Every structure is written in C-alpha cells, then in structure tokens.
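Spelled out from the first residue to the last, the chains are:
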Amino acid sequence: MAGDIWVMVRMKDGKADRAARDAMAIASAMAARTGGQVAAWVFGPEGEAPAAASEGFGGYAPDRLYVCPLGAGEDGPAGLGDALSGRRAAVAMLARTEVAEVGAVLVPEGQLALDAAAGLAVALGGAVVAHCRAVEWSGREWLYLVPAFGGLAAIACPGSGPQVISLVAGAGLVGEPAEGRTKAPEVIAVQAPAPSDRDPVVAGGPSPVALPSDALETARLVVAGGMGAGDPSGWRLISDFAASLGAALGATRPAVDEGWAPAEAMIGQSGKRVEPEVLISVGVSGDLQHLVGVGEGTTVIAVNSDPDAPIFGRADHGVVGDFRRFLPAISRRVKSGPADG
Amino acid sequence: MEPFTIIVLIKPVPDPRKSRGSVAIDPERKTVRRQGVPLTINLADRYALEAAVALKASGVGKVVAVAMGPPDAEGAAREALAIGADEAYLLSDRLLAGSDAVATARALAAACRRVGFGAVFAGAESSDAGTGLVGPTMAALLGLPHVPHCRSIALGDRGFEAEVRVDGREGRVRAGLPALVTFDRLDRPPKSPGFAGVVAARSKPFTVWTAGDVALRADEAGMAGSPTVVREVRPASTAKRAVIIGGDPEEVATRVLAVLAEKGVLSDGR
Amino acid sequence: MDFQFTPEQEMLRTAAREFAENEVAPRVAEMEKTGRFPMELIKPMGEAGFFGVTIPVEYGGLGLGYVARLILLEEIGRVSAALAMALQVFHLGVEPIVAFGSEEQKRRLLPPLARGERLATVAVTEAGGGSDPSSTKTVARFEQRSEGDGYVLDGRKVFITNAHLADVQVVLTKTKDEPKEFTAFIVERGMAGFKPGREEHKLGLLGCDTGEVIFEGCFVPVANRLGNEGDGLKTALKAISEAGRSGMAGVSLGLLRACVETAGAYAAKREVSGRPLNRYQGIQWKLADLVTDRDAATLLSYRACWLKDQGKRCDVEMATAKYFASEAAIRAAKLAAEVLGGYGYMEEFATQRYLRDRQLMIPSAGTSDVMRMVIARAATP
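Residue numbers (my numbering), protein chains in the order written: chain A, 72 to 412; chain B, 2 to 271; chain C, 36 to 416.
Read the hints as simulated data drawn from the structure, not as lab findings. Only a predicted model underlies this, so the values are computations on that prediction, with no experimental measurement involved. Just to be clear, a hint being listed does not mean it is correct.
[What the hints assert, rightly or not] Quick list of the computed label-pair ranges, beta carbon to beta carbon:
id	chain 1	residue 1	chain 2	residue 2	range
1	B	249	C	238	48 to 54 Å
2	B	59	C	179	54 to 60 Å
3	B	57	C	407	51 to 57 Å
4	A	122	B	57	52 to 58 Å
5	B	249	C	82	22 to 28 Å
6	C	82	A	366	43 to 49 Å
[Said to hold, decoys possible] Listed below are several chain B residues computed to face chain C (Cβ distance under 7 Å; list not exhaustive):
id	residue
7	143
8	187
9	194
10	196
11	197
12	201
13	204
14	206
The beta carbon of each residue, even a glycine, is placed where N, CA and C say it ideally should be.
Okay, chain A solo, but in the shape it has when bound:
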C-alpha cells in the first residue's frame, strides 16, 4: 500500500465524534508506513467545521482538512438527507484523487459512510471492509480485524487499489505505535456535487423526525438475554428480572430470531451499540458479533450455565449456573428494599 490516508469524519453536536480520534490515530500510523499524508474529510457546514473537527482529533492532526457542505440545507445538518448523500460524498472525494494517490480510506459507521465507501471502492477498483474493530500491522501488511464466525477474521487487502475500511466506534490499533501530529492542517473547501436523479430525495409530507433516543442506548443498566433463555417462559423471566431492576432489556441476534425480543432490542454488529455502566448478560454465549455492541467501559456481569462460555472472557463478574435459580433471588432482594440490601 502506498499513498495518502484519508479519514472520513462524522460530526456530532458540532464537533468530530469520539470515533474520529481513534481513526486519526490509526491513519497516522498507516501514513507513517506509506510515507503519505493524512487527510481528513468533514461533510458538514463550512463555517466552524475546521475548528470543531480539529478539536476532536486529539493529538493526531491531519495534513489536510477537506470540508464539504453536504447534506446541510436539505432537511438540516442531521436530517435524513445527510444519511442519503453517500454517493455524492464519494463523488466529492473522487474529484480529489487526482491530487495524490490514496492508499486507504477510513470511514466511520453509518449509511452515508457505507454508501460512500462502496462508491469509492467501486470507482477506484479498491477493497472494502466493514465492521473493522481493530487495525493491526502484521510486519508485512495491514490486517483488518472483523468479527466473524464466532471469532475474529483477519482480513488483508493484497491488491494495489485503495483499501476502504469502515471502522466501528472505538476501533483500536495493534502492533504499531501512532505518532502524534500537531501541525495545523491546510483547510480546503470542496464544493458539494449537485444532486442528480441517481440520488434518493427526502419526500414531502410530514418532515422526517429523529427517532426518540432509545431507552436501550441511554440506559445506565442493561439486561441482555440470549439463547440460554431456552423458551418464551425463560425469556419472560429475564424480562421480569430487567423490569425489577429498572433496567433496559436487550437481546442477542439468536434471541431476536427466536421471536422472543423485537429487532429494536438487538445488541451487536447488526444491532445497537450500548455502553451502560453495568450490563447483566443472561444466557448469552458471548459471540463477538454480540460483544462488539457492548462498550469497552461497561462492567459486565454474566450468568451462564456453561463455565466455558466465551462471555466469561469479557465479563468482569461471572455467575455459573441456571439463571432460573439466581435471577428471582436478586429481584426479590431489590423489591424488599434497602434495609435488606
């Protein structure tokens, strides 16, 4: 791999989101290997974007900062139009590839990034990797670690095209230090490509609204159930347990597939990402596809009858045994009040 490393930055509440710093650190390490530059791309309003973005980069400033006012002005900077403009983001980025060779493009989660990533990979004949949770230097090539098959697949892109990598929040860097960069970036304003009939548009009628912030994503205490629930009555027991603690109820994909929990409750790779103070995991085996949805900072208490379940590799506290024995005892004690606690 040779050339520049590009990072697509997602803005949240007027500044680069938390994932941007991790992505910039990874980009810095990759650029050190290629000898190329780091360029950050911000799709948002022009005015305060550069300063607001830079603030989120920590000590990893890019050499160049492209600012492209995409999405704004349609149905607001955080509206649906923003999520639908991935193709245009790719067109804007492609217009700059003449300037220098691009070795890798790091993009965050989200639809705009996914569509842009696919568009870039197709146009540049590159590779695209989704759900990358760590980037590792093998001594020979970059490996992208992606949860798959109950473990972690180490994916390489041996071809000459750019490597477009979609990073999950909190993605890490393994086997290579990232050097800080403090030089102020050159800010380059990029015009937004005009919409075309190849873009879906937000339809009239009632204006799209952001969904109410999800109880699961904001809860401080989450109970997550898995296949170990066994049957609907087991699931009900877990659900009652969550209610007794005032906890939000989440589920693994298999539990959702069984129809015990709605798709909205799914935690993991294709579901929600949660980061409560404490997560009590019940009958969850601990596949990575599920665990990537649980923040690093969360204290996990796992209840599982299989002492070898991988969940105990992630959990901070473990209870080995039948949840039917333990959950009611905990609920009872909560209900009986502080004196008993």
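With chain A held as given, fit chains B and C onto it using these hints.
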C-alpha cells in the same frame, strides 16, 4: 408507467432453525461453508421479496429472484418462487466460491444486467456475514440510487416512495426508476408461502447460470476477483477474565447487588 | 426403500411450520382462554391451500394427497392440537364428496370448500354411540314435492367437530328400518330445519368447536344425496377409516413432536445439583421412550398415507397408525409433564395443555379397541 421487472436478490444462508451452532468454516477459503448445510433465504431478503410481490398489484410486471450459491441453494431459490417470485435464477459456479462483498456484488450485478430490470431489491444485511456492503456496492456498480433500510414501499408516478429508518432517523424517501432498495428485517414474521405457494412454484421457471452465462471472467469472480482475503480466523479469546461469584442464590444476589450499588445503577440510589 | 421426504415435501413442511409458528402460536393463549375457534385464521389458511390439500386440482384443490395432509396436520398439531383437530375434520367432511360425490356435486361444492369460503364436517355420531352405527336414530324420509323431490331429515348428532362452523355437513341417516340400510346426505347451512345445537365444554382441545347438530323436518333435495340409498355406511366408513384415522394420527404426531421438544429443551437447561436434567438416567429413559414413540408413530403414519396416495389398500395400516400414534400421544404427554416436574402442571408450560388435549386422540375416528378389532384381522389366516 410501463410494467417493469423487479429483481430480488436472495442470499442463501445456513437455516438458523436447522443448523444453529453448527456453522462450519471452510479451512482454505475461511468463509462460511454453505455446501451440505441446510440453506434458507436470508430473513431480510424475504421482506424485500414480499414487498416486490406486493407491488405486482400496482403495476410491476414481473418479480425475478436471483441467488448466488452452491447447487444446494436451489431449495432457497425455489422457496423464493413459492413466496411469489415469477422466475428464479441461481448463479452457481465453482469460480464464484470465496467471493467477498465486492466480488459478490460484481457477480450479482452481472446477473441483473442479463435479466434486465426496473428495480433491484435486497435485504440490507445478511444474517451470516452481515457486512451490509453488497447493496451499496451493487448500487455503485449499476449506477443506481440506493434507498437504504426500507420498511415499506409504494410505487407512484414519480417512482418509489419508501419509509426508511436510517441511522436513528425515520422518514419518507423518493427515488426514480431504476433504483436499488435495501430492506430491513421487520418485527413481524415473514408470510408463509403456504401449500398453495409451494404448488404454484412447480411450474415457474428456474435456471442455473454459470459465471460464463453472465459474462463474468474468471479473474473477476470468487477469490481471484476479491480484493480482500481472510488471512486467518482467530478464535474468540476464552481466557477467563470474569471473577466468578459462587454460592447459593442468596449469596449471589448479595454480591451482584453490591456491584450494582457500587456502580450506582439501582434506581433508588443504593 | 427411501425414507426421505422429497424436496417439495420439505418445502411443504417448512411452509406449514412457518404458518403454525407465526400465525397459530400467537393465538393459542387466546384459544385456551376463550375456547373459541380463531375465525381470523380461516382466510389465511384458505389462501395457503390448507383446506384444499386433498381436493383434486380440477375441483379447485391442490391435489397433494394424504402424505402432504399428514405433514400439515403434524406441523399445525405441534403448535395447536385443537386447530389441527378442526382442520382434520374439515378435510374429513370433504372426503366423502371427493370419493362418492356426483360430478355435479363436486363441481358445485368442492371449489368453495377448497378455498375455505365454506367449511365442512361429517356428522355420524349420535348419543347412542359412534362406532356402532346400528344405533343411529336420525331418519330420512323420501318426499315428493312440487319444487323437486327430496328427503325430510329428523334427528340429532352429537360430539360433532366444527358443528357450529361447518356450512357443508355429510350426515349419516337411516332411510329404512333395516340393519345396514343407511344413506348419506350433504346438508348445507341455510336449509330449513337444520341448525347447530349445544356447544360442548371440553377438558382440552380448547378453540376447537364441538357440539350438536339438529335436524327438525329438514328438507334435503335429491341433488344432495350422496351416492344411492343404502350406500351411506360404506361412504361414512371409508371417509372415517382413511381420512379420519390418518387425520387423528396427524394430530397425535403433532402432539408427540411437541412433547419431545418441550421435554428435551427443558431437560437440557434445567439443572439439579449442578447437572442438567438430561444427564440423569431416569430422565434419559423418559426422553428415549418419547423419541422412540414419536419415530414409530411417524413411520406407521407416513406409511399408511403413502399407501393411500399410491391407491393401495390401507385399512389395516391406517388403523395401526391411528392406534399407535394416539396411544403414544397419551404416553408422551404424561412423560413430558413428568420431565418438567412441578412446572409441568403450571399454566405457563405447555405440558399441562398436552395433558388435556391428548385424551381426545383415542375416541375420535374409532377407539383403540375398535382399531384393534380391525388390526386383528391382519393376523387371521
């Protein structure tokens, strides 16, 4: 509007009812082994198929299911016919084995061009790999607008109008034809084809295509055509990190509540 | 020999299972609470072709035959024995018309039955007995009328499944006071003097309608006589011995599967003294008996239905299937409830429902004693 064809992409995935916990990895290709495993239609694709079949009432001429997979995937393609597709094609060729998202999208796009279409529908994500990349990549390859995470769809004079739920936002989106629409898994169960659907599927055309049939070269397909390669699959760490809380339920309850109290997550502040 | 289902039969099973799990399972609690048949399922079941599974294609059915019907009843019965029971009797009501109806009757009656727009049943049993038709008291008297000749029916039938739902009922009557002189009629809803009577309150199979049908001077035109005068017993017995017995075998198979799955799942996760139940030999023996009974009943039942679909004689095989499957269901519900211990008796576990549902497997379409009378003939040189 002239009647047009909707292609629905069907991914044959290991049947979660019949193969839970027994998904095998091909040691050479490091991909999910689909040969010899009971396969079914990826759940999200079923909602795409149901939506396409429902649109036949509003002037869609034909619904064509296109799948890619081993010869075993014929059953999944026939399931699509039972659910209401009018024709089904299975792209099945050893050359295609080990395709990554880009190579898969390229092969399916080639099949779509051969079939001809006014729209392409697909599930937003598959239950086994779940990268969500194939839809956006195909939209880019075919130069189509991409309507992501569709929950329901209607056909009007100016094209599709879809309810979508994207990145925590919800709203209505319009896209002209041709377009590529990816569908979410919905909370209602998919509709059973019933015995009537299975019987009706008997007389519907089912065709197996090789890579050559869709004008795909060997270097564009399978592992050779995949810009990514899986170097290894590392098992999930089984190193014990958890401190095991032992004892009878009452003792366990005391210790668990102590952790919850320490983190301050109990509603009464204990 | 080939013990595999065809790919199409596997698809039928998947389709039936998805319907059962997605459409029927969410309604079981309501059926248990109210005892009412889930009327809202009639339309989707009709669209799915579940009513017309054995009706020939030329009369609007699917013409899939008895093996397909057994797959359907087994899968529906696995989720709700009550609904499978209702469905099996709808099919039973159709069979005499398919087998003995005139071309005119088939063209007129079968297409709406195949679509589920009209529902069917068979009314044979009377208070005096079911398996002994000689006690039949319902009479049909020939009468010449200016608008066309017909018969006037008087009598009462009891324990009729779908009594209040069926629009088309095949009714066994006596046309002469001679021991074997029976005649069957197709009585349709709306005919004056025909009405459903009392609704029975049952121990189990809640949500499956059972009750009386009453004929009070009910005039039935000659066009609705099934076959000739005197053909009645043959008509009724053939339907019951083939469609009825394989139908009850199907409901029993569903119950057997449900028992194996419920007991097996519970024994795998419930722990006693730190070990799952299924590692205890006492439980293993119960699970082994459950599986063996299920498999034996499965083989007997599919063989009988396969013979029927091949057009071969199957009376004894239908009887062995019905006898074994229904008795196995009785044993299975008991074993499954035992595996669950105290939970097995509690409302939130399905085993208590299986215990209540199982008992009707025996008397319907002939008791085990009657089955053994039929089977014993096979041992007679």
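To see whether the hints hold, each was checked on the structure:
1. Checked against the hint of 48 to 54 Å, the C-beta distance between residue 249(B) and residue 238(C) comes to roughly 40 Å, which is inconsistent with it.
2. Checked against the hint of 54 to 60 Å, the pair residue 59(B) and residue 179(C) passes, with Cβ atoms roughly 57 Å apart.
3. Residue 57(B) and residue 407(C) have their C-beta atoms about 54 Å apart, which keeps the hinted 51 to 57 Å range intact.
4. Against the hinted window of 52 to 58 Å, the Cβ-Cβ separation of residue 122(A) and residue 57(B) comes to about 54 Å, which satisfies the hint.
5. A C-beta distance of roughly 54 Å is found between residue 249(B) and residue 82(C), which places it outside the suggested range of 22 to 28 Å.
6. Under the hint 43 to 49 Å, the C-beta atoms of residue 82(C) and residue 366(A), about 47 Å apart, fit the expected range.
7. Annotation: interface hint on residue 143(B) violated; nearest CB of chain C at approximately 31 Å, more than 7 Å.
8. At its closest, the beta carbon of residue 187(B) sits 12 Å from a beta carbon of chain C; the interface hint therefore is violated under the 7 Å criterion.
9. For residue 194(B), the shortest C-beta to C-beta distance to chain C is roughly 5 Å, which falls under 7 Å, so the interface hint holds.
10. Hint status for residue 196(B): holds, given a least beta-carbon distance of 4 Å to chain C, under 7 Å.
11. Taken as an interface hint, residue 197(B) checks out: its beta carbon lies about 3 Å from the nearest beta carbon of chain C, inside 7 Å.
12. Nearest Cβ of chain C to the Cβ of residue 201(B): about 9 Å, over the 7 Å cut. The hint is violated.
13. Using the Cβ-Cβ criterion of 7 Å, the hint placing residue 204(B) at the interface with chain C is not satisfied: the shortest such distance is roughly 12 Å.
14. With a cut of 7 Å, the hint placing residue 206(B) at the interface with chain C is violated, because the nearest CB-to-CB distance is about 16 Å.
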